[in-house]
Each structure stands twice: as C-alpha cells, then as structure tokens.
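Undergrad: The residues making up each chain are set out below.
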Amino acid sequence: MDKIRLIAWITFKDCIRNKALYGIFFMGLILFSANIIITGMFTWELGKVAVDMGLSIISFSGLIIIFFLCLPILGNDIEKKTVYLILSRPVTKAHYIIGKYMGLGLIIMISSVFLGLCAALSVKISVMGAGTFIPPHFSWGMFTLSICYLTLSLLILLSLAFFWVCTSTHHFTAVLLTIMTYFICHNMENVKNIILSTKIMSSDSLSIKVINAVTWILPNLTAFDLKTTAAYGLPVNTLSLSWLLIYGVSYSVVCIMLTVLIFQKRELS
Amino acid sequence: MTAIQFNNVSKTYGQGLKKQKVLHDLSLSIMTGEVFGFLGPNGAGKSTTIKLLLNFIRPDQGDIHVKQCRVGKDNYLHHIGYLPETPCFYENLTASEIMYFSGKISGLKQDQLKEQTQDILKRLKLDHAQSWQIGTYSKGMKQRLGLALALVHDPEIYILDEPMSGLDPMGRYLITDVILELKQRGKTVFFSSHILSDVEKLCNRIAILNKGKHLFSGAIDEILPQYGSNLEHAFMNIIQTDDRGKNG
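Protein sequence lines correspond, in order, to chains A and B. Those letters in the first sequence? Residues 1 to 269, by my numbering. Those letters in the second sequence? Residues 270 to 517, by my numbering.
It cannot be assumed that every hint is accurate.
[What the hints assert, rightly or not] Taking lysine-lysine and the DSS-like style, the derived pairs with C-alpha atoms no more than 25 angstroms apart in a straight line are:
id, chain 1, residue 1, chain 2, residue 2
1, A, LYS81, B, LYS288
2, B, LYS290, A, LYS80
3, B, LYS288, B, LYS320
4, B, LYS408, A, LYS19
5, B, LYS320, A, LYS81
I should point out that these hints are in silico values taken from the structure, not numbers from a laboratory.
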C-alpha cells in the first residue's frame with residue numbers, strides 16, 4: 001500500500017504542477033462567467049438554467065482534464081519510457097496502475113471541488129438580486145450530490161481510459177477509443193429504448209442483441225447525470241442512488257483490475 | 270560468485286512476416302564485484318539484453334538469474350540500480366522529490382534517505398539544482414540525475430545503459446569517477462557503451478555482440494594480442510570478420 005501511495009503522490013504532484021491544468025481551470029472560470037451573463041438573458045427559471053449550465057461546465061472541464069491531461073500523462077509514461085523510472089524499482093505493474101489511477105483520480109476529485117465551488121458561486125450570483133424563480137425543492141445538498149455523481153462518472157471514464165491506454169500501441173488511439181466509449185456510454189441506453197419503442201427491429205434481431213451486449217459491457221453514464229434532478233429540485237430515490245454508487249465504484253474497480261491483467265502481459269520494449 | 274547469469278536467451282520482436290530475431294542464444298556470466306562492459310554496434314541487441322534483465326520484456330527462450338533470483342519469477346529489483354540510455358523523468362518534479370520517491374520505494378528509511386540524497390547530489394554536482402523542476406535541467410544534468418537515482422539505495426548491482434551518452438567532458442569525468450569508486454567498493458557494474466576508451470579504463474571483462482549474436486567475452490588482456498593492438502582495432506576486427514562471414 002505504501003508503494004501505491006508513493007506512486008499516487010508523484011503522479012499527483014507532477015500533474016498538479018502541469019500548466020495545462022491551470023489552462024483548464026482558467027477556461028472553466030471563463031465559462032462560469034459566461035454562465036452568469038447567459039443566464040441574465042433569460043426572463044424566467046434563471047435558477048434552473050444556472051444550475052444546469054454550472055453542472056455542464058464541471059462535466060465538460062472534467063472531460064477535458066481526462067482527454068488532454070490524464071491520457072497524455074499515462075500515454076507518455078509508456079511511449080517515452082518514463083515508466084522505466086518506476087518499474088526498475090521493486091514495484092509490480094499492479095502497484096503502478098493502481099497508484100497512477102489514484103493520483104490522477106485525486107486530480108479529478110480536486111478539480112471537481114474547485115470547479116464545483118465556482119459553479120455554486122456562479123449560480124448564486126446568477127439568481128441573486130434577480131428576484132427570480134427558484135425551484136421549490138432546490139437544495140444545495142442535491143447540487144453537491146449531483147457534483148459527486150458527476151465526479152464518479154469521470155472516475156469511471158478514467159478507468160476506461162486506463163484500459164485503452166494499456167491495450168493500445170499509441171496514446172492517440174487510446175484518446176479516440178476513450179472518446180468513442182464516452183459517446184457510446186452516454187447514448188446507447190437511449191438508442192436501445194428508441195429502437196425498442198418504435199419497433200423498427202424485432203427484439204431478437206442481431207442488432208438488438210449487439211446493443212444489449214454493449215449496454216451490459218459498457219457503463220450507462222447517463223444514469224450518473226443528475227443535472228435535471230438538481231436543476232428542477234426533483235425528489236431522489238436514496239436506494240437507487242446507493243445502488244448507483246456501488247455500481248460506479250465496482251465498475252471502476254473491475255476495469256482497473258482488467259487493465260492490470262492486460263498490462264502485466266504487455267512488454268515494454 | 271555469479272551476480273548475473275544469462276542462459277541461452279533468445280528474443281524475437283514482431284510477428285508473422287515482420288518477425289525479427291534480435292538476440293540469438295545468449296549465454297553470459299557476470300561475476301560479483303566486476304565491471305563488465307557490454308559492447309556492440311547500434312542494433313546489436315545491447316538494450317534488448319538490458320530490458321530482458323530488468324523484466325521489461327520477456328525472452329522467447331532461456332532464463333536470466335540475478336543473484337540466484339530468476340528474472341520474471343522472483344523479486345530481485347531491490348538489488349539493482351538502473352540508468353536508462355535516455356532517462357525520462359516526471360518533468361514537473363524536483364530532483365529532491367524524485368530522489369525521495371526512488372529511495373523510499375526501494376525501502377530506505379527517512380533519515381538514511383536524506384543523508385544519501387545530499388551526498389549523491391553533491392557528488393554529481395546537482396546539489397545547487399535540487400529544488401529546480403527537472404524540466405529545466407540540461408541533457409547532461411538529466412543523465413547525472415539518472416545515475417543519482419541508480420545510486421540512491423546503494424544496490425549491489427548497477428545496470429548502466431550508455432551512461433556517458435550526451436555528456437560533456439566534466440559529466441563523463443564525474444560518471445567515470447563514480448564507476449571507479451563502485452569498482453573499489455566491490456559492486457557489480459554491467460554497462461553498455463560505444464566509448465571504447467572508457468571501457469578500456471573501467472572494465473575487468475567485456476562481451477561483444479553483433480546483430481544479436483554473442484561474438485566474444487573475456488578479459489581485455491585476452492582480446493588485445495589476438496584481435497588487435499588496442500580495443501578499438503580489436504572491436505572493429507571482430508565485427509568486420511563477423512559481417513564478412515555473414516555476407517559470404
């Protein structure tokens with residue numbers, strides 16, 4: 001555990017000093033300012049618009065951090081052989097993958113906290129003094145909870161990104177595969193529901209079987225999107241949220257375990 | 270006593286039509302306490318051999334032992350200090366931080382580590398730059414930092430892949446001095462190099478590799494009268510004879 005902690009520590013330190021991270025934070029701040037300006041153009045339901053936009057900005061910034069910061073860091077480790085620095089020490093490949101995931105995961109969590117605070121501030125400023133309509137059941141607790149689930153979905157995507165980096169020969173391929181996976185994870189459930197409801201294909205057709213298999217293999221990231229619930233102050237089902245948490249954590253753990261298995265077989269020539 | 274033992278090791282890269290054998294049936298013994306030079310032209314298989322030794326890649330056949338531990342099966346990396354040909358670092362970290370990480374992960378205690386780090390960085394003339402981010406280092410400084418990382422846990426075996434590459438005369442002098450000190454302290458050093466004058470000065474024994482084939486191993490005194498008047502001539506003769514033999 002000590003070795004994993006040390007690897008996570010250097011990964012975190014290296015990443016937190018990366019200028020690209022500050023660039024992403026700066027972009028986030030500009031978008032939050034834009035949120036205040038754009039929300040001001042609406043004449044009603046400003047609160048909903050501000051919350052929805054604030055959470056979307058956190059999600060977007062998180063994706064940028066994964067695609068343009070975490071993936072290149074991990075890819076360069078393997079391509080530029082920085083990994084030799086770690087693996088020539090008495091550590092296993094499992095220590096390396098888990099430590100790296102924890103370090104980059106911590107970056108995502110800290111980014112979510114920072115961007116979450118900025119989002120909250122932008123929502124507060126947007127609705128302040130406008131005497132605007134705020135959903136009756138809106139709560140900052142629900143707003144925070146939706147940020148937590150959004151962060152969990154980013155951590156799941158990060159575990160998938162690790163999987164693709166360790167199975168691809170070039171990190172650009174891994175970026176493309178992670179982007180594809182992200183879109184599939186976000187849309188597959190909707191596509192399946194549309195096809196089944198319109199009865200374009202019979203439920204035992206090959207396409208439906210493939211879609212079913214994909215929905216079982218890849219996570220349904222839409223389930224972690226609680227933006228609408230937070231924006232409209234809708235009631236939440238605690239039990240389903242608990243299951244969602246277990247599902248998200250288990251999926252990431254399984255994905256990282258699979259990555260470790262593949263990485264152990266991989267030669268670092 | 271044998272520190273490193275290669276037994277009939279072969280390695281092939283690629284698959285199908287692109288398959289290329291880069292190491293043919295290598296058998297080699299490096300004894301404890303000797304400085305062993307590993308020579309060969311570019312593409313001879315020196316770096317592949319080192320990667321096999323560190324378990325970054327696996328052999329197709331044969332086995333490698335480090336101090337009675339079988340590579341790929343037992344834990345042996347705490348015995349080894351490794352300097353890659355082109356050391357790559359996490360560029361946003363400082364030298365102190367990376368030294369702390371390397372020492373700590375190799376099992377060093379906090380107080381021991383602090384003392385070691387200061388001594389080594391001072392020895393390699395990096396103490397003034399220990400709080401700088403590695404991204405600001407020159408190539409020579411990075412190479413010296415790479416050696417500092419290999420030294421930090423005071424291992425018994427040193428594997429140095431082209432340790433003098435990209436160094437100015439001052440850097441070469443420092444690294445030569447460190448290797449000579451390791452030799453005096455009875456450490457085992459296995460290093461590959463193109464700079465034959467350094468090899469002649471430092472090594473007890475050498476091995477010559479060409480296109481993955483092991484052509485010679487033995488003491489420098491054994492090679493000189495037989496193949497040439499100095500190491501450079503002897504080396505060229507061995508490689509050219511092998512190439513002529515292959516070309517018919």
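Undergrad: Decide, hint by hint, whether the structure agrees.
TA: Status of the hints after comparison with the structure:
Taking the CA atoms of A:LYS81 and B:LYS288, the gap is about 23 angstroms. The hint holds against a cut of 25 angstroms. The suggested pairing of B:LYS290 with A:LYS80 holds, with an alpha-carbon distance near 24 angstroms, which does not exceed 25 angstroms. Distance restraint check for B:LYS288 and B:LYS320: the Cα-Cα separation of roughly 19 angstroms lies within the 25 angstroms cut-off, and the hinted pair is therefore satisfied. For a cut-off of 25 angstroms, the pair hint linking B:LYS408 to A:LYS19 stands: about 22 angstroms separates their Cα positions.
At most 25 angstroms may separate the alpha-carbon atoms for a hinted pair to count; B:LYS320 and A:LYS81 meet this at roughly 11 angstroms.
In this structure, every one of the numbered hints holds.
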